[in-house]
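Residue numbers (our numbering), protein chains in the order written: chain A, 38 to 112; chain B, 208 to 557.
Because the hints were derived from the structure by calculation, they are not lab data. Do not take every clue at face value.
Rough simulated footprint, nothing fancy, chain B against chain A, three-plus residues with beta-carbon under 8 Å [unchecked claim]:
{"id": "1", "stretch": "46–57"}
{"id": "2", "stretch": "60–66"}
{"id": "3", "stretch": "99–112"}
Computed, partial: chain A to chain B, Cβ under 8 Å [what the hints assert, rightly or not]:
{"id": "4", "residue": "43"}
{"id": "5", "residue": "77"}
{"id": "6", "residue": "95"}
All of these numbers come straight from a predicted model, not from anything done at the bench. Ideal Cβ placement from N, Cα and C applies to all residues, glycine included.
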Amino acid sequence: MAKELEKAGILTVHICTIVPISKTVGANRIIPAVAIPHPLGDPTKTKAQEKALRRTLVEKALEAMQTKLEGQTVF
Amino acid sequence: MDRKLKVVHYLNQFFGQIGGEEKADTAPLKKDGTVGPGLLFQQLLGQEAEIVGTVICGDNHFNENLETAKEAVLELVKGYRPDLLLAGPAFNAGRYGTACGAVCEEVAGRLAIPAVTGMFPENPGVDLYKKSVYIIETKPSSMGMKDAAQQMVGLALKLAKGESLGSPAEEGYIARGVRKNYFAKERGATRAVDMLLSKMKGEPFVTEYPMPVFDRVEPSPPIEDLSQITLALITSGGIVPKGNPDHVESSSASKYGKYDIQTAEALSPETYETTHGGYDPTYANQDPHRVLPLDVIRDLEREGVIRDIYPYYYATVGNGTSVANAKKFAQEIAKDLLRDGVQAVIISST
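Using the sequences plus the hints, can you model the full thing?
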């Protein structure tokens, strides 16, 4: 999906847990996530800590959007 | 053969009979003898070889701890001093496929023992490991277990006995891109003209040198000013309004949903849930933001970091879903987004 959206001219960031799969399918901007059943959270933390963690990942995604790339990059 | 060949079988938590998704974080462990599909493999191996042990690892554990899990599995395999390793088959299960590929690559590369696995061609494990690992082509689901086991055993025994192999098509494995010299009946010029004539007549022909497919897309240029963009959210983690109104399938999805979030500040567990059937849904159902981060993106919108959020989000289930379907979903979604002036997308995947 990431590849098709980029082909259409829409910048796409992929936040995902299994980075090798994201690379194989051709995402260009890849943000490694926390875990498969909770990529953007961590049930062992408090709600506030979890939200902070999620914000860090999303901010990383925004940073990736502003970064010029030569090829596939894992942030 | 004077003695029976010793075989180790690698399985995930499901085929290893530990449990379903709730056990996907199981660390590597071993059980002597066969487990689950191992019994069928043992029957096919017959008197020539014996499955002395089974090594099992949860799919999430393996993929989330790739380096340490590989080491731990390798140690357990090594303990049996096998002559051969069989892994899976993983069919179209992505995490299982990457694990089987990684285990085979390690075992073949570092222990110098032949290793064979089986996968459906669209399994992401195929692209990752086909160059270094023998992967028998299987059906997408365990309906194809018997055929897969037969071909895996046939190839594995040939490798273990050092017999010469036929072409990938003859042996049933996915081509690794290795070139082998052989004497053909006809010279090259004759074969090429024959192929050309077949092509001109519209008849089937088999190329001797398939061209590689470079399906990569140039990265989009960076965004200069985030505060001017409309951002859209997509997830393959199956977050849908409670009750799954569009009936997005829990695996092999044939559709996606488009959901209005214009007035949603956040996603409450009372109104949203996951329909994904390929991971333990407990955490996503407790708090859907663990998969689709609408809460923090609303904050960023309020703070003016981005201009706004596209009023809809899109969801599908990335669980054995075909590449052709995923491509079609994205092309349709892209039409919406281009028409409505969306500049950037975040896709979250489990």
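Do the hints match the structure? See the list:
no., hint, result
1, 46–57, "holds (count 11)"
2, 60–66, "holds (count 6)"
3, 99–112, "holds (count 10)"
4, 43, "holds, 5 Å"
5, 77, "holds, 5 Å"
6, 95, "holds, 5 Å"
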